[in-house]
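Engineer: In order, the protein sequence lines correspond to chains A and B. For reference, each letter of the first sequence is one residue, going 0 to 53 in numbering that gives the first Met the number 0. For reference, each letter of the second sequence is one residue, going 0 to 320 in numbering that gives the first Met the number 0.
The hints are simulated quantities; they were obtained by calculation from the structure and are not laboratory data. Here a beta-carbon is modelled for each residue, glycine too, at the ideal position from N, C-alpha and C. Incorrect hints may have been included.
No more than 20 Å apart at the CA atoms, straight line, and that leaves these computed lysine to any residue pairs for SDA-like [what the hints assert, rightly or not]:
1) A:K44 <-> B:H60
2) A:K16 <-> B:S28
3) B:K37 <-> A:I26
4) B:K154 <-> B:D227
5) A:K44 <-> B:L62
6) A:K44 <-> B:D227
7) A:K44 <-> B:V124
Take a look, some chain B residues computed to stay more than 12 Å from chain A by CB distance [as the list claims (entries may be wrong)]:
8) L43
9) L116
10) L277
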Amino acid sequence: MNEPAKDEGIVLTEAQKRTRRSRSIAIALSLAALVVLFYVMTLVKGPVVLIRPM
Amino acid sequence: MSLISEGANIRGPITAGAGLDLAEPSIASVGDYIALMKPRVMSLVVFTALVGLAVAPGSLHPLTGFTALLCIAVGAGAAGSLNMWYDADIDAVMTRTARRPVPMGRVRPGEALAFGLTLASFAVVVLGLLVNLLAAALLAFTIFFYVVVYTMWLKRSTSQNIVIGGAAGAFPPMIGWAAVTGSLSIEPVLLFMIIFFWTPPHFWALALYRTEDYARAGIPMLPVVAGDASTRRQIMLHTLVLVPLGVAPWPLGFAGALYGVTAVVTGAIMVTLAWQVLREIRPAERASRHLFAFSILYLFLLFATLLAERGWGGLIARLAA
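Using the sequences and the hints, build the whole thing.
Structural biologist: Have a look at this one:
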């Protein structure tokens, strides 16, 4: 008796995998840059970072 | 007589690219997302914001200045992305914009919307947290003005679209100034006014030789609804207001002699080119192209001279402090 065919869902093409990977790297780098920016700005401003004058 | 084609029943986003299967994985590259941010417009925004930031009195840590410029750039990118989301339908029928990522189907409208909203949120929140609330509020208003007031409302409904909508492009020097001082005064308002009155002659010069394109897309640009002659007169009138405004920082003591000479000479060239556009009997394509090209140089020279004369010293002092 034949087994029912497996539902493999959406299968990405190589091009789709490449663009997804490049997008993921770009998001990771952006988030890392944001973390570094907040860290360095906190060092630069010190406690004043909590004071935001209009 | 209106040149807008009767078939151009265009209202709102999501026609182009809508044929994509939503279950289909995205094919958008990082380059497509960068294109969504309109990098050329972004560079002009950053430059004018830098001038506002550099000429403002007071001190600002260089890293805070960098953060302010980064947020302004990202905010401009967000506005560009939201503009491409909403305008995908008209972008698809205009030669100049048909190859943008959304009409080309490389980025779905929903992706452009999500990207723009995310960037806008980050830019405003980070500017508010790390710089100051006034600058963040101005950036938020600028994005709102460009996307909602200009893109969604004025652009498709009135020939004065770029006159009022031009305010969005005029805000960046004010944001830069506010980032340093936490307040506003006459000087950044003057920089705002210069860009505000520069925008109509700049875009109408472009519209004069892209009239068919705008008409096909159903956009009521001035040459489309009022004709060439009226547009040429309006270009001349706005240039006659622009040039004195361009010179004004000099007599007001906000800029020095070098700026004054630059503003007078380049202003005279602007008036001459606007006069040539006005007097052209045939379709004013050549004169319009010259005016369009020179108007970019005009604004750049005014702001670059101001930066060199007033801002450079301030920037160096801040870096040395």
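Engineer: Next step is simple, just say for each hint if it's right about the structure.
Structural biologist: Each hint, compared with the structure:
no. : hint              : result
1   : A:K44 <-> B:H60   : holds, 9 Å
2   : A:K16 <-> B:S28   : holds, 11 Å
3   : B:K37 <-> A:I26   : holds, 19 Å
4   : B:K154 <-> B:D227 : holds, 19 Å
5   : A:K44 <-> B:L62   : holds, 10 Å
6   : A:K44 <-> B:D227  : violated, 55 Å
7   : A:K44 <-> B:V124  : holds, 17 Å
8   : L43               : holds, 23 Å
9   : L116              : holds, 15 Å
10  : L277              : holds, 46 Å
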